[in-house]
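Each protein sequence line maps, in turn, to chains U and H. Using this note's numbering, read the first sequence as starting at 1 and increasing by one per residue. Using this note's numbering, read the second sequence as starting at 1 and increasing by one per residue.
Do not take every clue at face value.
[Unchecked claim] In silico lysine to aspartate or glutamate, EDC-like type, Cα no more than 20 Å apart, as pairs: (1) U/153 - U/202; (2) U/952 - U/566; (3) U/745 - U/119; (4) U/54 - U/119; (5) U/772 - U/783; (6) U/819 - U/355; (7) U/243 - U/216; (8) H/158 - H/92; (9) U/745 - U/166; (10) H/53 - U/202; (11) U/177 - H/174; (12) U/354 - H/234; (13) U/798 - U/417; (14) H/4 - H/174; (15) H/158 - H/171; (16) U/359 - H/234; (17) U/458 - U/417; (18) H/53 - U/893; (19) U/354 - H/138; (20) H/53 - H/270; (21) U/150 - H/212; (22) U/54 - U/66; (23) U/31 - U/41; (24) U/226 - U/239; (25) U/354 - H/152; (26) U/354 - H/62; (27) U/359 - H/62; (28) H/189 - U/355; (29) U/201 - H/122; (30) H/53 - U/804; (31) U/952 - U/783; (32) U/153 - H/32; (33) U/458 - H/234; (34) U/150 - H/152; (35) H/4 - H/92; (36) U/457 - H/212; (37) H/53 - U/892; (38) U/150 - H/32; (39) U/184 - H/152.
Quick caveat, the hints were computed from the structure, so don't treat them as lab data.
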Amino acid sequence: MNFSVLLWGMVQALRVTARVYPEFAERLKEKDLIAQFKLLDQPTGRWVKLENGKVSSAKGIHENPDLTIFFKNQAIAEEFLTPPFDQLVRIDAAKNFKIGLEGPDDLAVWFMSTLASMEPQTWKSGTDMGNGVTRYTNGTNGGPIFVYVKDGKIIRTTPVDFDDDDAPSWSIKARGKTFTPPRKTTLPAHGMCQKSLVYSKERLLYPMKRVDFDPDGERNIENRGKSEFERISWEEALEIVSKEIKRCKTVGPGAIAVANGSHHQWGNLGHYLSAFNRFWNLIGVTKLVHNPDSWEGWFWGAMHHWGNSLRLGAAEPYGTVEDCLKEAEMIVFWSSDPDATYGFEGTIRRGWAKELGIKMVHIDPHMNYTAAHSGGKWIAPRPGTDPALAQAICHVWITEDLYDQEFVANRTTGFEEWKAYILGQTDGTAKTPEWQEAETGIPAREVRALAREWGSKKTYLGAGGWGSGVGGACRGPMGVQWARMMTILGAMQGMGRPGSNFGNLQFGTPLDFNFYFPGYAEGSMSGDLAYSANSANNYQRMPHIVTMSSVRQSIPRIYLPEAIMEGKAMGYLTDVASVQGQFFPFGYPSPGHVPVEMIYKYGSASFGTMVNSNRWVNMYQHENLKFVVNQSVWNEGETRFSDIILPACSVFERWDIGEWLNVGPAYVHHMYSMCNHRVISMQHKCIEPLGESKSDYDIFLAIAEKLDLGAVYSEGGNTELDWCKRVFDSSDMAKHISWRKFLKKGYFVVPPEPEASRAPTAYRWFYEGRKKDLPEPSPLPSDYRGNYGEGLQTPSGKFEFVPETLTRIDDPERPPLNKYMPTYEDPQKDEKLAGYTLKLLTPHSRYPFHVMGDDEGSSLRDIREHRVLVDGHYYFVARINRQDAADRAIRDDDLIRLWNNRGSVVCAAQVTDRLRPGTISASTASAEYRPAGEPGKSTDLGGCTNMLNPSKSITPKSHGIKPNSTLIQVEKWTGVDTWEPAEAV
Amino acid sequence: MAMKWNLIVDIERCNNCRVCFLAVKDEHIGNDFPGYAAAQPAQGHNWMEIERKERGSYPIVEANFMPVMCNHCDDPPCMKAAQGGAVSKRADGIVIIDPQKSKGQQAIKDACPYGAVSWNEEQQIPQAWIFDAHLLDDGWTQTRAEQCCPTDVFRSVKVDDQKMQQIKEQEGLEVLQPELGARPRVYYKNLHLMTQCFVAGSVVVQVNGVEECDQGAEVILKQNGGEVGRAMTDLFGEFKIDGLQPGSGQYELEISGSGGSLSKRFELGDASLYLGALTA
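Let the hints inform the model, and build the full structure from the sequences given.
See below:
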C-alpha cells in the first residue's frame, strides 16, 4: 500500500476508534502532541496532532513536531506500515536503524502504544455468566484458574472444568483396566487461596520510602528493618530510584545487584526471566547465580554417573506413567513427596496404581503426605543416613544375585570396583543390612525383605518429588551421596527394562511433546539469550530484539551476605550445558568491576527460603549497602529491609499468558508432563490494579523512561497485551484456535498424543542398545563421545558406577567411588554441637508455594497444619515426634522454640507419630519475619526455620545447600528471649 | 417424593489438601449472598474444616482426614433453638440460617451438637456452610467442594430420601453421631478410619541365626475365645487388623508363621496399637 495512503488511513482509524470506543477516546485525551511521520530520503510525510483528544492531521512536514518517526525510504515505510504486520520486518527495521524515533522517550512510548491499542479495542475477553458476572481465566503456580468478576471485584476462583469443545483426554490401558484423567484441572492450596492474596491486608498499594532514608543526606542504613515507611508518589519514587541507578552506574560496572526469588507469579511475560531480565540487561547489573536448590544432589552428584545435565542430573521422564501402570509390581518412593509440592494431578494416577495392587514403599524420616495418602510400608531412616540403606540393598543384590547382570555387563562401567567396595574388599567393611542398621536405625531384616522384593519384582524407583529429582534427601549434607546411590540402584536393576525405571507416576504422562508453546524459562520478551532458554525456540518463533548486559560480575546466591559484608564470595557455576560446567569456580568481585552498593530486591521473602538467614538480615543493615529497593506485591518479612518499596500488582491485575507447568527446555524440559492435560491460559487482566500498584512490566517501563530506555524496553511501545499476542502468534496454538477466540474463552487444551505416536519409554533405548529416541534435545550433540544419539552423556557413553568426570575435580566429599561418608552434623565430632539432640527437616512447603501464599490475610493461615493462632498471632507449625514432645512436656499447639548457634525460631507444636523419634520437621515457607528483639540477633516469631540451617556448601567444591539434617534443640517457649547468635557469619 | 440434596464424603480419599476448605472461604469471604449468608470474616471461620486423626504409633501409623461441615440435619437442633424463623429447612433438604433474622442469636451456634456453626463476632450472627444453595439455585449441579476436590472425596447427590437410604446401605455409609437423632444429610464412607482402632505387629523369624521378616504368617485375632479378625503378614512380616472398637478390652492374637506359633494377649485402649516385633 502507498505510504501516504497508509498514513491517511492511520489517521482515519484513530478518529473512528475514538468515536466507537470511549475508552480509547479517553486515552487520546491523556497527552497533547504533534507527531511527524516522514521519509529520510525525500521531504514526504504527514503529521498528526492530538489536542484535548481531538485528532487533526495534514500532509507534509510540520515545522515543530514533538515526535518524529522516520523511515529510511518509502519501500521500508510501506513494508513496516502495511497490515498484517510482520514482526520480523518490524524488528529488522528497528534494530538496523531503518526506522527511528526522535523526541521525549515517554511521549514516544505513549504515542506508539496508543497507535497499537486501536485494534485491541475490538477484542473481547471473558465469558458472560449472567447477573453482571464475567468469568475470566488466569494462571497460578498451581495451575489454571477461572476467575469470576462482578463490579470490578473478584468474587470467586475455581479450577477449570473442560467443556465439549476442548480436546479429549488420553487413556491408558493397563492389566484389563482403562484409566482416563478427569475432565478438569486441579489446584493445590496455594492456587485455591489466590483471592485472599489479592485482597490480603499485606498488599503493598502505594510507593513508600523509609522515613529516615534521605538519598541526598543521612541514609540511616542501620535502621533498615526497624524504621517505619511513609507513602510517596510514584513520581518521587521513580525519581529516587532512577537517580540512584545513574549514581551507581557512575561508581562503576556491577555496583547494582539484582536479587530475585527462584520463582514468580505465573505467566511468561511477568516472570523474572522476562520483564525483569529485559530491563536489567539494559541497565547492566551484578547477577546472583542461583544454586540448583531443589536438585542439589542430582546436580552435583548423580549427573556424573549418567549425564542428564540439561535435566540438572535427573532422569528422563517419558512414557513412565504408562509403563509403570502396565508393568510395575512395586513403587519405592524414596524421599518422595509429590503430593506436598506439585499439586494433585499425579495423585489420581497413584490412586490407579493402588487400584491395580501395585505395592508401595515409602522411605523418609517423615511419613510424608504422599505416604500417608497412598499407604504401604513406611521406612524411616535417621535423617541423612539413607545412602547406607541403599548400599545395603546393593549388598543383598550382589550376594544373592538379584541384579540385572546383562545390563551391568553391557551398559555400565566400573561395576567391579563398586562391587568390591560393597562387599568390603576395599575398606574391610561389608555394607550388609546389619552394617546399615547401626547408621540408619532400620532393622536389617526389613532391608533384606525390601531388597529381595525389589530385586525379584519389577520396580519403579520414585526418588525425590518427581520420581527423579526435587527436594528431600537430595538437599541435605548427604544429598550428593544419596542421589548418586539412587542412580546406582536404578542401573543395577537395568533401568529402561519394562517395569523397571525412575518415577512415581508424577512425571511422564502421554501428552503431545511436539506442540510448541514457550515455557517461562524461554525468557519470553526478555531478549536474553545468555541467561534463559530463549535461543532454543523462542528467539526464532517470536522475533524480538536481543538484550545483553555488559556487566560480567556475579555472586553465588548463597553467599550474597558475605559478598556485601566481607566484600568477597566464591562459588561454582550452575552451568547445565555440560557435566563439567559445574567445575567452574567464580568469584566476587570480578576483575574490572566494583563492589555492589545497591540491591534491587524483586519479590519473595528470602529470610524464609535462604539458609542461615540471619546473615541476610545483617546484610541489609550493613554500611556497604547504600541503597535497597524492594519491588513486591506483598509486605513480607524482608520487604521493610529496604529504602524504597515499589508496589507490584498481582497477576490478576495485568495481562499475561502461560502454559501450566511449562518451563521450557532450560532445565526441566516437558515439565508439563506432570499434568494430565496441557492447558494454556490467557491470563486475563481480571480487575484493575489495586491502589496505586502497577504491573512489573509497567514499573520497569516507567523507570526505563526516566533513563530514555522506554522505547527500547517496550520495543517501540508494546503493551503487555501486545506481547501476549506475540507469544500466542509464536506458538503452535495459532494453528488450532484464533487469537480472538482464545482471548475470549481464556484457555486452550492441547490435544493429547495419539496412542500410536506417544513418546517411547525413558531409557528403553538405552536398555535395548539403540539410539536415543526421545523428544528431548539433550545431551548437546557435542556431548556424545561416539556417534550422535548413541549412549549417555558420560565419557564412556555408559552408566558409570565410578564416574570418570569426578576424577577431574578433587572434591573430598565427591570421590569417584561413592563411599559412605557420614558428613551430617554430629555432636560426637563437633563439640560446638553438643546439646543439640534433634534433627531438623525443612522440606518444601505443602500449603504455600515456597513463601508465596503465606502472607497475613491469606486463607492458608487458617490451616492447622500450616499455622496456628495463639494469642493473636498465627505461628508457623513444627511437627515433633510424640516421644520427643513428651520428654519436653510439649503438647499440641504449644509454642516451642527451635534453636541452635545460628538461629532461634518460635513455632507451634504439632505432636505426631509420623516422624521418626529424634526428628522435627518444619517447612521452609515463612513469608513473615518477626524478631523478638534486635533483627538478626534475636528469636524469630515469624517462623523462618531456615535461620537454623547451615550455609556451608553441600560439598567443598560446589555451590549448594544442605539443610534437612540440622541439629537443633527444642523447648517450650517462655516468652522471654535470651538467645544470642553464637556462630559468626 | 421430593428430591433433596445429600453430600457423600469418602474419608479414605481425603489427603488434607485443604482445597475444599479454601474454596468455601473463597466463596464467602468478601461476598454477601442476601437470603443465604452474610460475608465470612477474613480469618478464623472454617465453615468446612478437616479433622485429623492419626492411628497407630511409629512406625506403623496412619494419618486420616475427615471434612466436617454443617450436616444439614433433617431434625436440626439449631432450628429448634432459633427464634423468629431464623433457621429454615428448604424443601430440597438444605438448612439456611437467615443472616438477618439470626442477628444476636448465639443460641443457634450453641445448639449445634457438631460444632459446625461459627459465630461472627463483628456482625453478631451465627454462620455455617450453606451447601452452596445460592449456586445450586443458580444452576450449579455440584457443590464447590466437589468441583475443586482433586481426589474425588465428595459427591453432591440430589435424590429422594428413599433412594438415599438405598445408597447408604449399598455403600455402607454412616452419619456422624446418629444417636443424637439430628438426622444429618452428610454421609461418610470409611468412617472407621476416624472412629475405630487397629492392632498391628511385625512378625519376625530366625533363619540360620539371621533375623528375617516372616511373610505369609497367619494371624488370628480372638476375643473371649471367638475369632474377630484374621490377616496374613506381608513381605515385611507386618499385619494390621482393623475395625476394633476403642476400649474394647482384652484380645488374644494367635500367630502361626514359618518359625512356629505364638500367642499374645493385649488390651486395646482408646488408641490403635502397634505391638512391635513379635518373634515366633
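Evaluated hints:
| no. | hint | result |
| --- | --- | --- |
| 1 | U/153 - U/202 | holds, 18 Å |
| 2 | U/952 - U/566 | holds, 16 Å |
| 3 | U/745 - U/119 | holds, 18 Å |
| 4 | U/54 - U/119 | holds, 19 Å |
| 5 | U/772 - U/783 | holds, 13 Å |
| 6 | U/819 - U/355 | violated, 39 Å |
| 7 | U/243 - U/216 | holds, 11 Å |
| 8 | H/158 - H/92 | holds, 8 Å |
| 9 | U/745 - U/166 | holds, 11 Å |
| 10 | H/53 - U/202 | violated, 33 Å |
| 11 | U/177 - H/174 | violated, 30 Å |
| 12 | U/354 - H/234 | holds, 16 Å |
| 13 | U/798 - U/417 | holds, 15 Å |
| 14 | H/4 - H/174 | holds, 18 Å |
| 15 | H/158 - H/171 | holds, 16 Å |
| 16 | U/359 - H/234 | holds, 10 Å |
| 17 | U/458 - U/417 | violated, 26 Å |
| 18 | H/53 - U/893 | holds, 15 Å |
| 19 | U/354 - H/138 | violated, 38 Å |
| 20 | H/53 - H/270 | holds, 13 Å |
| 21 | U/150 - H/212 | violated, 66 Å |
| 22 | U/54 - U/66 | holds, 16 Å |
| 23 | U/31 - U/41 | violated, 30 Å |
| 24 | U/226 - U/239 | violated, 24 Å |
| 25 | U/354 - H/152 | holds, 15 Å |
| 26 | U/354 - H/62 | holds, 16 Å |
| 27 | U/359 - H/62 | holds, 17 Å |
| 28 | H/189 - U/355 | holds, 17 Å |
| 29 | U/201 - H/122 | holds, 18 Å |
| 30 | H/53 - U/804 | violated, 51 Å |
| 31 | U/952 - U/783 | violated, 31 Å |
| 32 | U/153 - H/32 | holds, 13 Å |
| 33 | U/458 - H/234 | holds, 17 Å |
| 34 | U/150 - H/152 | violated, 29 Å |
| 35 | H/4 - H/92 | holds, 4 Å |
| 36 | U/457 - H/212 | holds, 19 Å |
| 37 | H/53 - U/892 | holds, 13 Å |
| 38 | U/150 - H/32 | holds, 12 Å |
| 39 | U/184 - H/152 | holds, 12 Å |
Going through the hint list in order, the structure does not satisfy hints 6, 10, 11, 17, 19, 21, 23, 24, 30, 31, 34.
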